[in-house]
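Novice: Just so you know, our numbering puts 246 at position 74 of the sequence shown, and the rest follows in order with no gaps.
None of these hints come from the bench; they were simulated from the model.
Quantities reported herein were computed from a predicted structural model and do not represent experimental measurements.
Hints are supplied without guarantee of correctness; some may be wrong.
[As the list claims (entries may be wrong)] Capping the alpha-carbon separation at 25 Å, the derived lysine-lysine pairs in BS3-like fashion look like this:
1) Lys228 with Lys244
2) Lys228 with Lys216
3) Lys244 with Lys216
4) Lys222 with Lys244
[As the list claims (entries may be wrong)] Simulated restraints, written as ranges between beta carbons of each label pair:
5) Leu177 with Arg241: 33 to 43 Å
6) Gly211 with Asp289: 18 to 28 Å
7) Ala230 with Ser260: 19 to 29 Å
Ideal placement from N, C-alpha and C gives every residue a C-beta, glycine not left out.
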Amino acid sequence: MLNWLNEEIVITIYFFARCIRPNSIRGMLLRRGYDRSLGAIERKIISTTKQYPYLKFANGQWDLSAIDRWMKDLVRSQESVNNITRFSLEDAEDMVLKISVDDLLETMDNLGLDFTDPAFNARMASQV
């Protein structure tokens, strides 16, 4: 099996830490040109948290600030981080098919997305 690229790892950890399930992450990776099995994604999450234990607090919750710093170090540029973690309309559609409405709203909140915000709706409309 091929080694994971840093960009794949960033996508996986960024979205998983924000409560997006591995099945949806698999679709996100595919849309970005990476093909990983569900099992490979789950193993990468476990191995990454073992390799970088500071990404989680002692209570097991993700430290999103630490993840943000780690991602920038891993891919060397905030612009690159922004590009590979940009949440697309296709990402949202994929999630809708795989999770409940309550889970979707919670995940959008974790991503800092507000569907009631006109700017969010304009951005989503421009992707159509």
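Novice: Could you run down the list of hints and mark each one as holding or not?
Specialist: Status of the hints after comparison with the structure:
no., hint, in the structure
1, Lys228 with Lys244, "holds (17 Å)"
2, Lys228 with Lys216, "holds (15 Å)"
3, Lys244 with Lys216, "holds (18 Å)"
4, Lys222 with Lys244, "holds (19 Å)"
5, Leu177 with Arg241: 33 to 43 Å, "violated (20 Å)"
6, Gly211 with Asp289: 18 to 28 Å, "violated (37 Å)"
7, Ala230 with Ser260: 19 to 29 Å, "violated (34 Å)"
Going through the hint list in order, the structure does not satisfy hints 5, 6 and 7.
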